[in-house]
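Asker: Spelled out from the first residue to the last, the chains are:
There are 2 protein chains.
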Amino acid sequence: MKAALEKLHAIDREYRYLERASAALQWDQETYLPPKGVEERAEQLALLEGIAHERLITPETGRLLGELGSVSANPRGDESLPAIERDFLRVMRRRYDRAVKLPADFVSAAARAEGLSQAAWAQARRNNDFAAFLPHLTTMIDFARKKAEYWGFGDRAAQRNSAQSLYDGLLDIYEPGMPASEIGVLFTVLRDRLAALLKKIKLCPQPDTGFLKQTFPIEAQAAFNQKLMAYLGFDQERGRLDASAHPFTTTLGADDIRITTRYFPGNLLSGLFSVIHESGHALYEMGFPAELRRTCLADGASMAIHESQSRFWENVIGRSRPFWQGLFPTLRDCFPEQLGRSSAEALYRAVNEVKPSLIRVDADEVSYSLHIILRFELEKRLISGELAPEKLPAVWREYTREYLGLESDTNQRFNDADGVLQDIHWSMGSFGYFPSYALGNLYGLQFTQKLKSDIPELESLIAAGKFERLYTWLKDTIYCWGCRLEPAELLFKVTGAQLQVNPFLEYIEGKYTELYGL
Amino acid sequence: MKAALEKLHAIDREYRYLERASAALQWDQETYLPPKGVEERAEQLALLEGIAHERLITPETGRLLGELGSVSANPRGDESLPAIERDFLRVMRRRYDRAVKLPADFVSAAARAEGLSQAAWAQARRNNDFAAFLPHLTTMIDFARKKAEYWGFGDRAAQRNSAQSLYDGLLDIYEPGMPASEIGVLFTVLRDRLAALLKKIKLCPQPDTGFLKQTFPIEAQAAFNQKLMAYLGFDQERGRLDASAHPFTTTLGADDIRITTRYFPGNLLSGLFSVIHESGHALYEMGFPAELRRTCLADGASMAIHESQSRFWENVIGRSRPFWQGLFPTLRDCFPEQLGRSSAEALYRAVNEVKPSLIRVDADEVSYSLHIILRFELEKRLISGELAPEKLPAVWREYTREYLGLESDTNQRFNDADGVLQDIHWSMGSFGYFPSYALGNLYGLQFTQKLKSDIPELESLIAAGKFERLYTWLKDTIYCWGCRLEPAELLFKVTGAQLQVNPFLEYIEGKYTELYGL
Chain W
0 MKAALEKLHA
10 IDREYRYLER
20 ASAALQWDQE
30 TYLPPKGVEE
40 RAEQLALLEG
50 IAHERLITPE
60 TGRLLGELGS
70 VSANPRGDES
80 LPAIERDFLR
90 VMRRRYDRAV
100 KLPADFVSAA
110 ARAEGLSQAA
120 WAQARRNNDF
130 AAFLPHLTTM
140 IDFARKKAEY
150 WGFGDRAAQR
160 NSAQSLYDGL
170 LDIYEPGMPA
180 SEIGVLFTVL
190 RDRLAALLKK
200 IKLCPQPDTG
210 FLKQTFPIEA
220 QAAFNQKLMA
230 YLGFDQERGR
240 LDASAHPFTT
250 TLGADDIRIT
260 TRYFPGNLLS
270 GLFSVIHESG
280 HALYEMGFPA
290 ELRRTCLADG
300 ASMAIHESQS
310 RFWENVIGRS
320 RPFWQGLFPT
330 LRDCFPEQLG
340 RSSAEALYRA
350 VNEVKPSLIR
360 VDADEVSYSL
370 HIILRFELEK
380 RLISGELAPE
390 KLPAVWREYT
400 REYLGLESDT
410 NQRFNDADGV
420 LQDIHWSMGS
430 FGYFPSYALG
440 NLYGLQFTQK
450 LKSDIPELES
460 LIAAGKFERL
470 YTWLKDTIYC
480 WGCRLEPAEL
490 LFKVTGAQLQ
500 VNPFLEYIEG
510 KYTELYGL
Chain Y
0 MKAALEKLHA
10 IDREYRYLER
20 ASAALQWDQE
30 TYLPPKGVEE
40 RAEQLALLEG
50 IAHERLITPE
60 TGRLLGELGS
70 VSANPRGDES
80 LPAIERDFLR
90 VMRRRYDRAV
100 KLPADFVSAA
110 ARAEGLSQAA
120 WAQARRNNDF
130 AAFLPHLTTM
140 IDFARKKAEY
150 WGFGDRAAQR
160 NSAQSLYDGL
170 LDIYEPGMPA
180 SEIGVLFTVL
190 RDRLAALLKK
200 IKLCPQPDTG
210 FLKQTFPIEA
220 QAAFNQKLMA
230 YLGFDQERGR
240 LDASAHPFTT
250 TLGADDIRIT
260 TRYFPGNLLS
270 GLFSVIHESG
280 HALYEMGFPA
290 ELRRTCLADG
300 ASMAIHESQS
310 RFWENVIGRS
320 RPFWQGLFPT
330 LRDCFPEQLG
340 RSSAEALYRA
350 VNEVKPSLIR
360 VDADEVSYSL
370 HIILRFELEK
380 RLISGELAPE
390 KLPAVWREYT
400 REYLGLESDT
410 NQRFNDADGV
420 LQDIHWSMGS
430 FGYFPSYALG
440 NLYGLQFTQK
450 LKSDIPELES
460 LIAAGKFERL
470 YTWLKDTIYC
480 WGCRLEPAEL
490 LFKVTGAQLQ
500 VNPFLEYIEG
510 KYTELYGL
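Which chain is which? The protein sequence lines are W and Y, in order.
Residue numbering for the first sequence follows numbering that gives the first Met the number 0, beginning at 0 and increasing consecutively.
Residue numbering for the second sequence follows numbering that gives the first Met the number 0, beginning at 0 and increasing consecutively.
The reader is advised that the hints may include incorrect statements.
Treat identical chains as interchangeable: a pair holds within one or across any two.
With a cut-off of at most 27 Å between alpha-carbon atoms, the simulated DSS-like pairs for lysine-lysine come out as follows [what the hints assert, rightly or not]: (1) 35 to 226; (2) 354 to 198; (3) 35 to 474; (4) 510 to 198; (5) 451 to 465; (6) 6 to 474; (7) 492 to 35; (8) 465 to 35; (9) 474 to 198; (10) 212 to 198; (11) 510 to 449.
If you are wondering where the hints come from, they were derived from the structure by calculation, not from laboratory data.
Nothing here was measured: the structure is a model prediction, and the numbers come from that model.
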């Protein structure tokens, strides 16, 4: 049994290295790849994905899992294995089951198509040209549907999963065990209460944000971001920051976790809050304990749990009053001309301005989840086939009007680049990913309730820029588990409850009632 | 036969993509990898190298080569294949023969050790700490010796290659068919004539280089280098420039050829001439014709032929009077304060100052080859075992005194960082590579003789910044062959002669006689 376990660990290790080699090529594609290198890069990625897949699904993996599985079905055998190895087997088994159902040529073809689609998206976005992206989007939808079918979801597998749609199969990649129906229930409450709050806020005077409408040179933004990362505890010997069209975090090695942001000279906050958000992801990845770091257990419990960490840092910490009391002087020193006559309180109010925007990643906390619910509704219909991809730009506009109250004839320019083309996700075939962001808000605030009861003096620590106790709490409570627990198990272990909308809504309603004097 | 050929092309293609994925990870390691990511990166590279090797040496490759080999042994069969496919088979056979003799675990272990050694070298160089690098150097020597042994060189294979040393086996990687004895004959003449020239020059007054002893901010150097690359015809949609400890060129894809340079605010020429040198390599890589680009034939004929291209651009073009007549105004516009009162002629004279230096890559044209001959002598003795690696720093100093007339007590600081630790090559196990640089000088000037007889007006074209006819000549004469010809065959096809020292020595003696008024 020990020998079998060691062999399985070797398979896991090689798979992880191959995945991280692919991650390095993808990171490069988003940051430094010369324009004409895109096509061959897609071929290289397809080959690497194919090899990783092929090596994971060898009959030997199946045999080893079977051997160890019959042991784990036996209570005595089970107890003979350390808990961590039982968790390792659970994750390997899920990964193997998922992979073995996909034919190798399908995996290669999907990887190749994703590479090309992503490149086409980046160009279509630059040119505001949805038509150029449409064939790739259609291909991505086909691949996603086929993938869910292979996994046994959807009508064709009606006998096995009669209640589960193709879309449920995709959701399950990111949030195991949470079908669209369950998400729909949570999102309905969320949408109604957020829309009501938004309505009230619209009647109130807005904070002064005039001092942010200046030029903040990119070099100075980049220099501040280096300080910001260090302030947040990002270990710059174990990771780095670069610029890309779409901010992201990627793990190229246990000690090589990279984040990206993007810069606009006229928008200080966009680049800055992306750095805080991505640092939240990176701190999670950097924080897995040593005993997990050489296994597949060094991973987030789910995408929504990962987002709970990034959005916690971005919003609960990064948009809080004490955070800017602590950090504002540093920011002002980087931009003395622009911010010399401003204050921490003014900045706190400005970064919490509620003003529905066309761009998801620039959205305020109140309207953010509405962007997600919009995408959830649309991708559900794209995958079910109810919505034809060529109709997407029109329907996007319609939903944007309905959910966010934004019209194409406001003084903001409305175009596809700032609409349906704004996100990278669908270009990579990542349908089912978006709900994680809003679910992350819910997880995050439910965790925060517990955190605040454990560390009542949290606010004064943040104001002093002292994050040690917060890290320790995050490490001991969340990071330490890696993906040993399913998301619902982790939530229950930390908070003793199931996923709820109320902690998030109470936080939002409380914060903005005070800010806008509702 | 057609089916076999297609299968062999598929094997070649996958091998190339895996090599280029490795090249991407190595490029990243030299440019952007966070310090603590080094160890796992070495593991990832070892895995990729191992997979590439394993897939190349499958029994199927042997079977396919055998099948096609028996055909190519038959004259009728031979003629039935297009010439390009026969060349493809020659290169694949050589690659397969080389690879199949190395055990897979040796290849993985070597790749892992190289990754660690390179990282240790970079740190040792920063810290001027040869002792920290010594164990890695010893390991690299062992791996190199073992490699040559596996290939059948050296004493243990005396029956087969009685006249060929282990070092010949390593030389053969870079310069097929040229043993140390042959190189030794050329290098002896070279050393004597260059030493004599150096002696004469030492008695002459030096050109004014005071105007170069100013501060040239790195950002401005980087901006000029972008213009310089474009001026030289480097297609920036098919490649890019970054900074690294040691300048290099690497091919990450047929349309993704990257160069690096390094910057010193007090030394404008170092970064600039590295860019010209590496662009020479890159133009060769970018210039292979379309029909070769999806095969292993899209490669340099040998390392020395590659160096003939880089050193041609760096010296024959980049250190010529007409070149600076054309480019000086652009350089002056980038550095108006520093160069506003200077001239093209002054710069031409300054970039050709003959002043032996401790650093090979900063050496002038006259002393450069002496740096190489020094390394050739030392690595020959390291590989034969005559010279113990721990003695290297002392012997390096001794040879530096003898060959270059430089003492450790000159006003230049002499230390191992600027001595034996200055080059990356040995840290990567690349013994046998150095001679290519000096051989490249010889090839380059032999090609140049022919070029000048074909384009008599070359100098006025260069002065006008018009490189089109030069490119066309290089493409039609050299690039077009890729590695279809062995280096000696290519040289003979272009010049009708074997490798000689005279074209290079006549160029050098003529140029410096004029410059120094000898």
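Asker: For every hint, state whether the structure bears it out.
Answerer: Against the structure, the hints:
no. : hint       : verdict
1   : 35 to 226  : between (35 Å within a copy, 19 Å between copies)
2   : 354 to 198 : within (11 Å within a copy, 77 Å between copies)
3   : 35 to 474  : between (43 Å within a copy, 20 Å between copies)
4   : 510 to 198 : within (16 Å within a copy, 81 Å between copies)
5   : 451 to 465 : within (15 Å within a copy, 70 Å between copies)
6   : 6 to 474   : neither (30 Å within a copy, 52 Å between copies)
7   : 492 to 35  : neither (50 Å within a copy, 33 Å between copies)
8   : 465 to 35  : between (46 Å within a copy, 25 Å between copies)
9   : 474 to 198 : neither (39 Å within a copy, 68 Å between copies)
10  : 212 to 198 : within (25 Å within a copy, 66 Å between copies)
11  : 510 to 449 : within (18 Å within a copy, 79 Å between copies)
Of the hints listed earlier, those the structure fails to meet are numbers 6, 7 and 9, in rising order.
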